[in-house]
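Since chain A is already given, all that's left is putting chains B and C on it; use the hints.
Protein chains in written order, with my numbering: chain A, 864 to 1367; chain B, 1288 to 1451; chain C, 11 to 437.
Treat the hints with care, as some may be off.
As the list claims (entries may be wrong) - In the DSSO-like style, the derived pairs of lysine-lysine whose C-alpha atoms are separated by at most 30 Å in a straight line are: (1) A:LYS1352 with A:LYS1338; (2) B:LYS1392 with A:LYS990; (3) B:LYS1355 with A:LYS1103; (4) B:LYS1331 with C:LYS331; (5) B:LYS1395 with A:LYS1105; (6) A:LYS930 with A:LYS877; (7) A:LYS1119 with A:LYS1159; (8) B:LYS1450 with C:LYS331; (9) B:LYS1395 with B:LYS1449; (10) A:LYS1074 with B:LYS1440; (11) A:LYS1261 with A:LYS1082; (12) A:LYS1074 with A:LYS1165; (13) B:LYS1395 with A:LYS1135; (14) B:LYS1450 with A:LYS1103; (15) B:LYS1450 with B:LYS1431; (16) B:LYS1355 with A:LYS990; (17) B:LYS1355 with B:LYS1449; (18) A:LYS1261 with A:LYS1189; (19) A:LYS1236 with A:LYS1135; (20) A:LYS1074 with B:LYS1395; (21) A:LYS1135 with B:LYS1431.
To be verified - Negatives, chain B to chain C, calculated, CB over 10 Å: (22) GLU1302; (23) ILE1309; (24) MET1313; (25) ASN1323; (26) SER1344; (27) TYR1347; (28) CYS1373; (29) CYS1416; (30) PHE1426; (31) LYS1432; (32) GLN1442.
Stated by the list, open to error - Taking CB as the label site, the calculated pair distances span: (33) A:GLN1314 with B:SER1439: 51 to 59 Å; (34) B:GLY1388 with A:ASN1080: 34 to 42 Å; (35) B:GLU1381 with A:LEU1131: 19 to 27 Å.
It should be emphasised that the hints constitute simulated quantities derived from the structure, not laboratory data. Note that CB positions come from ideal geometry on N, CA and C, so glycine has one too.
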Amino acid sequence: MAHITVDGTVLEVKEGALLIEELLANNINIPHFCYHPALGKDGNCRMCMVEIEGQKRPQIACDTPIKEGMIIRTKGANIDRVKRSILELELINHPIDCPICDQAGECSLQNYYMDVGLYESRLSTPKTRGEKHVDLGANVVLDQERCVLCTRCVRFTKNITKTSELGVLSRADHSVITTFPGAKLSNPYAMNVVDLCPVGALTSKDFRFQKRVWFLNAKEAICDHCARGCSIFVDHHKEKYKDEVIYRYRPRLNDKINGYFICDAGRLSYHKENENKEFHALIRGKISEYEYAEGKLLRLLKRHLGKTAFVISSNLSLEEMVRVQKLAKLYEIALNAYEPERFDTSFGDDFLKCNDRSANARALPLLGIDTSKEMLQEALNRVELVVLIGRSDANVIKEMGYTQNIAILCSRCEVTCKEVELVLPIASHTRREGSFINLDGYVQHSACAIQSEHGHKTLLAILAPILGDTIFTCKEVWEAELFFYEVLKGVSFDSLKTTPKIAL
Amino acid sequence: MGIKIVPRHGNTLKEKLYLPAIFGGMKTTLSHLITNLSDTPEIKTINYPEEQPHDISERYRGVHRLTKRDDGSVRCVACFMCATACPAECIFIEAEERNDGVDEKMPKRFDIDLLECVFCGACVEACPCDAIRMDSGIFSFIGKKREDFVLSKEQLLANEEKKA
Amino acid sequence: MSTISIAVVIINVILALLFSLGAAPILVWIERRVAGLIQDRLGPNRCHINGIRLGGLIQSFADMLKLVFKEDFKAKAIQESFFFSLAPVIVFASAFLSFMVMPFADDLIINGERFIMQGLPMDLGVLWFLALAGLSVYGIMLGGWSSRNKYSLLGAMRAGAQVISYEAAMGLSVVSVLITYGSIHLGDIVAYQGQLLFGFIPAWGIIIQPIAALIFIITAFAEANRTPFDLAEGESEIVGGFHTEYSAMRFGLFFVGEYVAMSASSALIVTLFLGGYHLPYLNTQTLQAYMPFILMVLIVALPLGSWSAMRWIQKHNRWHKANDIRNHESAFLQKGLIGLNVLVIAGVGALLVLGLSETSTNVATAVIQIATFALKLLFMNFVFVWVRWTLPRFRYDQLQTLGWKVLMPLAIANIFISAIIVVARGL
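So here's chain A without its partners, still in its complex pose (with noise of 0.2 Å):
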């Protein structure tokens, strides 16, 4: 432990550790480009600079190793003029178009010219242009005009992913960031690049004029894509007379699970979200209202007493599975959560990716929820009534040589034939809260539900009236029902923000 002196104030802080890292861990305003908490220092940028007491001239905080005593200072008229030079080189060939480019709104560089800049440009000579457009491959578009050279991207591709495919080219003002000719930046945690610059140099061309940054929201959620379950952030937006539409994943700092990156299927897999908007409920085919058709479903558990399957999707919060099992056993329903492509062996990798598809197998047998094949199989041959919650795959237990009356209840359904006798939507991932339980044992709760037009209710509000009581909320679900399962002893609802991890 060393003491420190910032503008003033004594900050107690590790020995040894960069100065950048303390002072930004301290809430402490410090412009930088190239430096990156998970690539570390680079020096190349300059603007991280700090007057220290005793050195003649200022320093960048990101290559100071702390002493005890030092005494520094961030603000000032000698150091804000050191910022603005070194601000007034890295925009010299900056292209202003501000107007055009995706970054605007949550960029480095207009934020520190706010902050420190507001010169007039000196330049009388033309600016040195570069490429506009370049496709970089895996969704990345390269402007080589905007780019600040921070390398920011070339050292993810080097450190993080080890494919390597990025590097700075040619020397001066016509440094370009480039991949080797003929070969493309190809790796699955790409995108990630768009994230780290800290310009608009790389933009992602998913998300490429699609939405101005400041009309989003950010809400905080959990990726649903594999059983990883990222942090994330769902970037989405009403526009006026429109219903929400999600925009972007971004990731999300979650130091147990994935640090600071997600995968680009992850991030893309946004878009099933957006999907849904001509999703009716169906009562063997044809359009129902959405009142009527939530009370078929009771009025088909109610005539099938005794008889009906509940087959369960993996992907469900684990309040829902609570309350689904509270239902199950209420009505005598058998339960079961036989799921034949949960796995995909060609998905997984070793870094985030994994082979587990589900977002939420690992409550299961923490609940005591079958999965077996059959099981489910003997339940089949006994049921007059199937109720497939939160999937549509009706073909899993058509093969399995079932032939009679299937409900669907999930968030996105292809089925329309008539044989189906109720199909029921439900919120989306996105558009509802729950808690999910990720591959290692770590228990998060995704709070992102965005309210939707299309009125389509969550599942545990479609529950509550079936149960006849009114917990609609995760906290109530909580506070009711986890609070007596063994394995989840000290953990509480209120403590899910830490990410706390249980034993498996």
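Just chains B and C now, with coordinates in the frame of chain A:
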């Protein structure tokens, strides 16, 4: 220091009675009525559809128009600054990729709902490209349906600057 | 019943209808044109039938027609459909009926038979008016309440509170008038005003009872829901007040009702305080005695008045475009005026040449008195309009303060003073 005592009005009997003030007011309105019935009326009204107003200044905020580049293409780059600045949220833009080499981005759709517009001019102020202006001088816009008042990109481009 | 008596009754009813219902479009026109001219605007002047504009009067008929043919819209939230529809009917009917007891001329005697010249020949007089004027607020409150709209309800509550506070002052001011005149029958009241005070001043109510006249006029404004007391409507604060939810002819009835009520109030003011149907210095007896002389004055005065009117028309009644059909109107109006002159002069001349019988003198008296009453009524209506475009609306607390703390004590004091004087004179 510096306290100014302002005499209060309304405390004399004459003022409290109100009637003299009321009659005074009625005298004023009657004198207007009689003047306007006499040979020298002071009525400034113009007979509008036949007589057009002649005092619309250059700075008058009329119906919007989208300006063009020298080559005649749309100047707007769909940066959404106007839509952001708009207090009535009446500007609806959809952006698209522009592939003709002039620029990278342009509006696919640029609609202004004149029924929602409050003609404040904030969009003109906000535009970094001088792509939207309100100098068309059109002060009266007529439509038969609500949809007629939603001006499309083509309509906005067709509006011309009012020549002095 | 003779043919004549039936004819007189029918003429009476027609006259009452004309003065109340027929006046509504004219009053609307006066309101809009006077408002325009007071504010240095034109007001409605475009509407025409074949070029005839009558200074914009045609606009009123066009508006009436529009109201009749408009969609009769009723919001879904309105559940008390019956009361919702009943409300404008109450307002209209009570205003309309209250006009029916106004005498437009002295009792007409034809062949020794006496006819009371009012819509409904009855003696209730002031009481009838007070009763019905108070009733109209039920319509407003019912309408405001059944509209299921906060603004409407606010307007209705304001109207209710306003009428309660002003009816008291109005009734008390009338009491002092009645003490002075010694009758509630309006015919007697007008006859009393035909006398001369001290031998040279007409004994009009406004001269012998100025305070009661002032209070009554103020409260009449309040009863008619006119500015400065139109809080129930309050369009700048509560949208349209009680009639926010009304449209088409349901609104039309409220609208016409307002003007009929205004006309009725004016008629009562004229009757109580402005000498009713009397010309100053010429009460019925004097009028009958000097009838030939008066008719001769009429023959001279009518062409003079017509001539100046024609001059004004020539000068001002022009349309700004040269070849417009509306430019033919002036010639038409002038011809009309000349025709009217010829008719009146010929008729009156014939009467004078042939010599006046008793019956024709009586009928001529009645016609002159009806005309006088109509002119006074028009003037009082103009005052209503004039005040509306001069004074701003009261604030609610100011309204109540004025009603209870000023007008009410003043009216009570006035009763005592009147009573003392009447008793002292009787001794």
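Within 30 Å, alpha carbon to alpha carbon, are LYS1352 (chain A) and LYS1338 (chain A)?
With Cα atoms ~16 Å apart, LYS1352 (chain A) and LYS1338 (chain A) stay inside 30 Å; holds.
Run the distance test for LYS1392 (chain B) versus LYS990 (chain A): straight-line Cα separation, threshold 30 Å.
Holds: LYS1392 (chain B) and LYS990 (chain A) sit about 21 Å apart, inside 30 Å.
Confirm or reject the statement that SER1344 (chain B) sits farther than 10 Å, beta carbon to beta carbon, from all of chain C.
Label holds. Min Cβ-Cβ 23 Å, cutoff 10 Å.
Is the straight-line distance between the alpha-carbon of LYS1450 (chain B) and that of LYS331 (chain C) 30 Å or less?
Measuring from Cα to Cα gives roughly 27 Å; hence the hint holds.
Quick one, are LYS1261 (chain A) and LYS1082 (chain A) close enough, alpha carbons at most 30 Å?
violated (39 Å)
In terms of Cβ atoms, is chain C entirely out of 10 Å range of ILE1309 (chain B)?
violated (7 Å)
Say whether it holds or is violated: GLN1442 (chain B) keeps its Cβ farther than 10 Å from all Cβ of chain C.
holds (31 Å)
Restraint status (C-alpha distance of LYS1355 (chain B) to LYS1449 (chain B) at most 30 Å)
With a Cα-Cα distance of about 15 Å, the restraint between LYS1355 (chain B) and LYS1449 (chain B) holds, given a limit of 30 Å.
Just double-check TYR1347 (chain B) for me: nearest Cβ-Cβ distance to chain C has to come out over 10 Å.
Per Cβ check, TYR1347 (chain B) is outside 10 Å of chain C; nearest 22 Å; holds.
The output says ASN1323 (chain B) does not contact chain C. Does that hold with a beta carbon cutoff of 10 Å?
violated (4 Å)
Are all C-beta atoms of chain C more than 10 Å from that of GLU1302 (chain B)?
holds (14 Å)
Is LYS1119 (chain A) close enough to LYS1159 (chain A), meaning Cα to Cα at most 30 Å?
Violated - the C-alpha atoms of LYS1159 (chain A) and LYS1119 (chain A) are around 44 Å apart, more than 30 Å.
Figure legend: structure checked against the earlier numbered hints; hints not met, in rising order: 7, 11, 12, 14, 21, 23, 24, 25, 33.
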